[in-house]
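Protein chains: 2
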Amino acid sequence: MVIHNSSSSLAETLLHRRQRLASLINFPVILWSGYSNPRNFPANAFPFRASSHFLYFAGLPLPNAAIRLESGKLELFMDNPEPSSALWHGEMPKREEIAAAIGADVARTMSELKHRGRDAASIPVQNYRTTLIQSQILQREISSPSHLEGLDQELAKAIATLRLTHDTGALIELRKAAAVSVEAHKAGMSATPKAKLEAAVRAAMEGVIIAHNMTTSYNSIVTVHGEVLHNEAYHHPLQPGDLLLADVGAETPMGWAADITRTWPVSGKFSPTQRDVYDIVLAAHDACIATISPGVEYQDLHLLAATVIAEGLVNLGILQGNPEDLVDMDAHTLFFPHGIGHLLGLDVHDMEDLGDLAGYEAGRKRSDRFGLGYLRLNRPLKSGMLVTIEPGFYQVPAILNDANNREKYQNIVNWERLSQFADVRGIRIEDDVLVTDDSSEVLTLELPTQANAVEDFLNSH
Amino acid sequence: MVIHNSSSSLAETLLHRRQRLASLINFPVILWSGYSNPRNFPANAFPFRASSHFLYFAGLPLPNAAIRLESGKLELFMDNPEPSSALWHGEMPKREEIAAAIGADVARTMSELKHRGRDAASIPVQNYRTTLIQSQILQREISSPSHLEGLDQELAKAIATLRLTHDTGALIELRKAAAVSVEAHKAGMSATPKAKLEAAVRAAMEGVIIAHNMTTSYNSIVTVHGEVLHNEAYHHPLQPGDLLLADVGAETPMGWAADITRTWPVSGKFSPTQRDVYDIVLAAHDACIATISPGVEYQDLHLLAATVIAEGLVNLGILQGNPEDLVDMDAHTLFFPHGIGHLLGLDVHDMEDLGDLAGYEAGRKRSDRFGLGYLRLNRPLKSGMLVTIEPGFYQVPAILNDANNREKYQNIVNWERLSQFADVRGIRIEDDVLVTDDSSEVLTLELPTQANAVEDFLNSH
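Going down the list, the sequences are from chains A and B.
The numbers in our numbering rise by one with no breaks, and the one at position 10 of the first sequence is 509.
The numbers in our numbering rise by one with no breaks, and the one at position 260 of the second sequence is 759.
Hints may contain errors.
Sample of chain B residues lacking proximity to chain A, with all beta carbon distances greater than 10 Å (derived) [said to hold, decoys possible]:
id, residue
1, R519
2, A699
3, L803
4, D829
5, Q909
6, V941
7, Q949
Examples of chain A residues lying across from chain B (beta carbon under 10 Å, computed) [to be verified]:
id, residue
8, P537
9, S610
10, V895
Quick caveat, the hints were computed from the structure, so don't treat them as lab data.
Backbone N, C-alpha and C fix where the C-beta goes; we use that ideal spot for every residue, glycine too.
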């Protein structure tokens with residue numbers, strides 16, 4: 500735990516957050532940070548990741564700690580390290596020092612949390628050992644964070660309201676995460692010519708993140724098989740004709756995330772077919788970003804991307820028909836099955852532990868249409884929201900070879916024409932876009948996006 | 500999941516292991532692999548790490564799977580991926596393919612495990628969700644793996660007997676992990692001149708591990724504050740006069756670990772005081788390795804290292820007295836407080852989930868002497884055992900400033916002389932040593948160890 504000298508601004512940020520919380524709810528709240536998870540034996544744990552809700556109000560990733568919030572006051576509960584721990588872990592900041600850094604009104608031991616939980620709301624931590632303690636202190640069952648009830652649900656709604664838009668303190672962190680992620684992608688591009696395996700490109704990218712003392716905000720995707728959407732294998736060799744899809748983001752020590760995808764040609768030059776499709780995905784990406792401003796419905800961005808992609812595929816002769824009609828019949832989902840993006844903040848899918856409570860405007864539900872049903876965000880945009888824009892094109896065998904799809908879209912897809920695009924397995928272009936008062940700001944703008952710029956970068960490094 | 504073409508030898512290895520198990524116990528065994536742990540929301544999980552006991556008999560890191568072993572037969576229980584998962588995760592090997600690769604006699608769904616658990620023994624997995632399922636299937640409480648009873652304890656003893664020495668299949672993996680870890684340390688040394696932070700050296704080292712499609716077998720220690728024994732901070736700047744201590748090891752995709760520590764001068768040249776102490780630690784390291792052979796008591800290696808260190812510190816004028824007497828009064832623990840090493844295998848502290856059951860010969864218990872009580876292995880060595888040898892010298896403030904120690908050792912330590920060694924905060928040299936039929940083999944031999952060789956390497960890269 501390093502307490503930086505920006506602590507006074509951290510304390511101010513946290514004060515402002517809990518004052519805003521106090522304006523939304525009038526009951527006490529206890530939030531736990533959680534424990535690290537053992538990997539294969541207790542002393543060999545995965546790196547500790549504090550609960551995001553805790554981090555939002557406590558600012559620091561304190562293991563096995565809790566905070567109690569009431570009427571804008573902050574109580575910190577944590578135990579000082581055992582004296583013997585200095586032998587193994589060195590001198591750690593004491594409870595009082597941490598309390599001062601985060602502007603806590605009171606600092607207490609964990610045992611003092613007993614008898615303080617009876618009327619408090621909370622949100623379950625993603626760690627079973629912690630949820631047992633939560634139930635014990637709160638003196639009641641605490642359900643899954645995606646199915647909260649009563650005060651817990653009210654709390655979740657209030658927290659979602661706050662975390663939906665980002666304050667200055669959050670944006671400082673989010674910009675740091677974005678900047679390091681941009682550097683990681685540049686390193687991945689630079690490493691590609693000499694890389695033999697996907698793993699080597701991943702190493703170059705994550706190396707930048709580690710060197711900045713950050714961690715990945717999710718398990719990286721670095722693959723020549725971009726058509727496998729959640730590909731976490733890295734063993735494939737890189738071939739000159741391949742496109743490499745890299746979806747890699749950094750997370751700051753305080754837990755704030757970035758999320759970037761780029762797709763580049765291993766050889767340094769897109770084939771004509773690859774460039775044709777790349778330009779379609781890019782057109783969708785650019786159209787969405789150009790449209791972002793407060794009040795715009797995020798779902799409309801999704802449908803805009805779908806239409807641009809459908810139109811592009813019509814122009815290439817892969818789809819046949821009117822682009823709007825094609826989108827109405829979900830023909831674009833053959834190649835762009837996922838949503839256009841999601842909220843970004845302390846979590847890479849921000850607040851997804853709460854189910855759709857943060858992502859979906861009250862009263863809205865997931866669509867049962869294929870494709871649209873995967874959309875993670877369905878709200879009007881507001882200034883201060885950070886979202887990803889990540890259109891893609893994939894040839895997913897499970898979709899394109901599906902008998903129902905083959906039949907349903909038999910007169911829509913020109914399968915013979917499509918077969919000429921066999922070297923385009925998966926393309927995605929993803930940036931992190933902040934909604935501003937009048938339009939938007941791309942936090943990840945420094946990374947090449949245009950096909951020419953990508954090629955120039957690859958060939959100059 | 501990639502099934503390599505060495506599958507037939509994998510199946511043979513696994514057959515041999517379960518035949519050996521069947522020669523030790525005569526009751527059925529069910530072992531679970533476990534689930535991945537959510538990080539901050541369910542879809543964002545830490546990388547999956549299968550239970551080591553499962554890996555030993557199942558060979559592959561299959562999430563949410565189980566095996567049943569009885570009389571040398573292997574039953575595999577796992578569910579095929581949902582058809583829809585091909586959309587996100589691509590085509591995965593089916594249960595039958597995996598069963599063939601590991602030589603299972605039967606392949607069944609997870610639900611078929613019901614009603615098979617009544618008389619089976621098991622070992623709890625380091626994942627609460629899995630232990631709930633284990634208790635359910637076994638129809639009984641399943642206690643902590645370090646406090647097993649009845650058949651579970653008999654099973655643990657049998658597994659410890661098997662895993663204590665390594666077969667050919669294991670050694671192939673362990674050598675791979677060692678080789679990549681050696682490369683990682685070389686990369687760390689090479690990166691040091693240009694590195695500004697500890698994090699940059701860590702990045703170079705872990706980059707090599709990631710590039711080989713491996714993972715770290717434990718959270719890396721890369722620090723200029725080697726006196727903090729379990730230091731997991733990486734933010735300190737590197738200064739020319741610093742020693743950098745790097746304790747970094749790789750783990751193969753099948754779960755087999757390496758564990759190496761080197762300490763090198765940031766400037767490329769040890770100061771005279773640093774070299775003096777380095778040579779003492781190295782002498783202890785070399786003396787232990789030269790002594791290793793079947794039948795030797797591992798605790799005697801620990802005491803040998805302690806004596807060599809005590810003697811060296813007497814020669815430097817830091818300690819005063821007869822080395823054997825100094826060790827008898829634990830004076831060496833002022834500077835070498837931990838054990839000389841531990842078992843190494845699927846876990847970096849192999850089988851430490853079982854408490855001391857594997858590490859300590861039956862009937863032996865941890866010493867209550869400071870230092871000796873931290874010894875993780877206390878058995879006579881056997882051919883096929885893989886152990887670490889990792890002596891060190893540290894100036895731990897919590898030890899050296901302890902009032903009791905100051906009084907107890909007031910006439911033993913020449914504090915003034917010690918103060919001349921202020922630039923030696925922490926040194927450790929650790930290698931992975933296989934006990935062979937007649938002596939030993941250092942699996943990590945390719946890495947420079949002598950002070951001159953370390954300097955030469957640093958200055959030639």
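Tested hints:
1. With a minimum CB-CB distance of about 22 Å to chain A, R519/B clears the 10 Å threshold, and the non-interface call stands.
2. Interface exclusion of A699/B from chain A breaks down, the closest Cβ pair being 5 Å apart, not more than 10 Å.
3. Consistency note on L803/B: stated as away from chain A, and its beta-carbon is indeed over 10 Å from all of that chain's, at 23 Å minimum.
4. Taking the minimum C-beta to C-beta distance to chain A, about 14 Å, the non-interface status of D829/B holds against the 10 Å cut.
5. Chain A leaves Q909/B outside its interface by the beta-carbon criterion, the shortest separation being 20 Å against a cut-off of 10 Å.
6. Its beta-carbon lying about 23 Å from the closest one in chain A, V941/B satisfies the requirement of being farther than 10 Å from that chain.
7. Interface exclusion of Q949/B from chain A stands, the closest Cβ pair being 29 Å apart, more than 10 Å.
8. Checking P537/A against chain B: minimum C-beta separation of about 4 Å stays under 10 Å; hint holds.
9. Interface hint at S610/A: violated, since its Cβ lies 23 Å from the closest Cβ of chain B, which is beyond the 10 Å cut-off.
10. With a least beta-carbon distance of about 6 Å to chain B, the hint placing V895/A at the interface is held under the 10 Å criterion.
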